[in-house]
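Participant: Next come the chains, spelled out residue by residue.
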Amino acid sequence: MRKTVQRYYPLFPVFAAYFILFLVGKNVSGMWQLVSTLLFYCALGQAFNIFLGMTGYVDFGYVAFMGVGTYGMAIAITRLAHVEALGVLIVAIGFAMALVMAALLSVAVGAVALRLRGAYFAIATIGVNEGFRFLIEGAKIWNGSDGMIFTAQLNQILGRETASALSTFWADVIVLIIAVLAAFVTLFYMKSKIGYALTALREDEDAAVVMGINVTKYKIIAFITSASFAGLVGATSWALKTPYVFPPEVFEIHYTIEAIIIVLLGGAGTLLGPVAGALIYGISKYYLSIFLPGFQLLIFAPIIIIIIILFPEGVIGMLKKSFRDSTLMRFII
Amino acid sequence: MLRVRELESGYGPMQVLWKPSLEVKKGRITTLLGPNGVGKSTFLTTVFGSIKPWGGKIFYEEKDVTLVPTHKKVEMGLVLAPEGKHLFLNMRVYENLSMGAYVKKALAHKEESIELVYSLFPRLKERKNQLAGSLSGGEQQMLTIGRALMTKPELIMLDEPSQGLAPLLATEVFKTILKMKAEMGLTILLVEQNAEASLDAADYVYIMHEGVIKAEGKSEQIRNSSEIREAYLGV
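Those protein sequences? They're chains A and B, same order as listed. Under my numbering, the first residue of the first sequence carries the number 1, and numbering increases by one thereafter. Under my numbering, the first residue of the second sequence carries the number 1, and numbering increases by one thereafter.
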């Protein structure tokens, strides 16, 4: 019993960080907007870490899963808004749609791309989001490049007040819940046979094969899990917060790159890393754009380079290495 | 125990194996000898399933395993200690060993397997808390074999275990291989370039040249045939 509890110790610092973030946002006036962005980055990092961190594969098409998740929510709301009886349930259906659509896309992409290794995988995935975006625009799927706007439908079914509370407050709370769930799943994977297999394959895929690990299976598990969370994040942070969806916005590779930066800054394959990375990235981006508008990228790039040089394994990765055997490390993985 | 019939495989358009056949008998050390680049490693990786065979058949314990995926073969008791080591260099010695006990039956015997590996390689016990990357070449070779043993194999395939080792260390590795056969009852398929030492250890020898088996026989026969020695082994 004690052992089972101890296994979950590393969740404490993660939850503590989220809790503090939430309190600050709720009680300090004017902070909610920043906190909402930070929660988005945390959830994004935590979700991406399940794949990038645990397998060591870089997926440049990651944002496509968020985009598809956004569409899942949008479709559910636009198609079902006339069923008055649904009420808030429509959001739950939207999440189910987002989850299923992101998972299906990840199976399709994974089945092909996961046969490739390392850099070849990365190159193969670069085209995924662009390809998907052009498919939607060109084939006029889901309104094509006109996108979908569903503010009216959301107001109609939830009522104006609930709809506005959803987009200004509850959507962020849901993002927080998704981030917590992703952290939980990450730890569960780490402590189970899946994590064992993924560690082996990240360190040396050939060795993992020799040990009798079905590497393809575990890569696909991590890929689908990570993509499903991305779908949920998209459905919340994009579809619920801003009730419209346009292909160029939700398939913007920029978000994939942000996710990669967050995971690497914090420490790939660690539980606390994505949170640390999200906070460092989000806070510095926010304040740089306030104090030095227009120059933030110019200053941000060297900051990232310096951090990567100082902490090649990320901030948390470095901490882990320096305090390998101390009790502190029971709480940080 | 293992029967390979007219195996064909290669990389891309290049065929490497031209129908070699080979049999490994239970409880014996069978050696596949030959110089660099004749397809010995390709043979092992094809048998193990990392490379898909183009043709031919592979039987393990009378079952056709030609197209069985690698991880299933490990569960069946077949394992490969790969060339070039492939250790987890950032992990400690005992962590590397624990990683080896992945398949179900191996996990159940993890602790005894670790003790067994330590008794076979006392050096690894001394260094169990060291990072694998900080081991010497010989110790890394021991760890590679040790980790393969952690899967509880019945047949272990060793790809050039003496490669890159000083003669003294190489002798030690061959001694251990003999011990694995005598004390653990393992069946061993050994791939080597080191003709002298592996002829001493082997029960039965196959000689490979350009993807074909050129000669086979008990190791005394091979040793005593000056023709074979001169033509293929250069000793």
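One thing to keep in mind: the hints can contain errors.
Each computed BS3-like pair below joins lysine-lysine, with the alpha-carbon atoms no more than 27 angstroms apart [as the list claims (entries may be wrong)]: (1) Lys3(A) x Lys128(B); (2) Lys179(B) x Lys52(B); (3) Lys104(B) x Lys217(A); (4) Lys104(B) x Lys3(A); (5) Lys217(A) x Lys52(B); (6) Lys128(B) x Lys214(B); (7) Lys285(A) x Lys193(A); (8) Lys110(B) x Lys217(A).
What the hints contain is simulated information worked out from the structure, not anything from laboratory work.
Participant: All hints are to be evaluated individually against the structure, with a verdict given for each.
Facilitator: Hint by hint, here is what the structure shows:
1. For the proposed pair Lys3(A) and Lys128(B), the alpha carbon gap of about 24 angstroms is at most 27 angstroms, so the pair holds.
2. Between Lys179(B) and Lys52(B) the alpha-carbon distance is near 33 angstroms, which puts this suggested pair outside the 27 angstroms criterion.
3. Restraint check: the Cα-Cα separation between Lys104(B) and Lys217(A) comes to about 16 angstroms, which is no more than 27 angstroms; the hinted pair holds.
4. At roughly 22 angstroms between alpha-carbon atoms, Lys104(B) and Lys3(A) fall within 27 angstroms of each other, so this suggested pair holds.
5. The straight-line distance between the Cα atoms of Lys217(A) and Lys52(B) is roughly 18 angstroms, inside the 27 angstroms bound, and the hint therefore holds.
6. Of the supplied pair hints, the one linking Lys128(B) and Lys214(B) is violated, its CA atoms being roughly 43 angstroms apart against a limit of 27 angstroms.
7. Between Lys285(A) and Lys193(A), the direct Cα distance comes to roughly 38 angstroms. Violation of the 27 angstroms bound is thereby established for this hinted pair.
8. Our distance criterion of 27 angstroms between C-alpha atoms is met by Lys110(B) and Lys217(A), whose separation comes to about 24 angstroms.
Of the numbered hints stated above, those contradicted by the structure are hints 2, 6 and 7, listed in ascending order.
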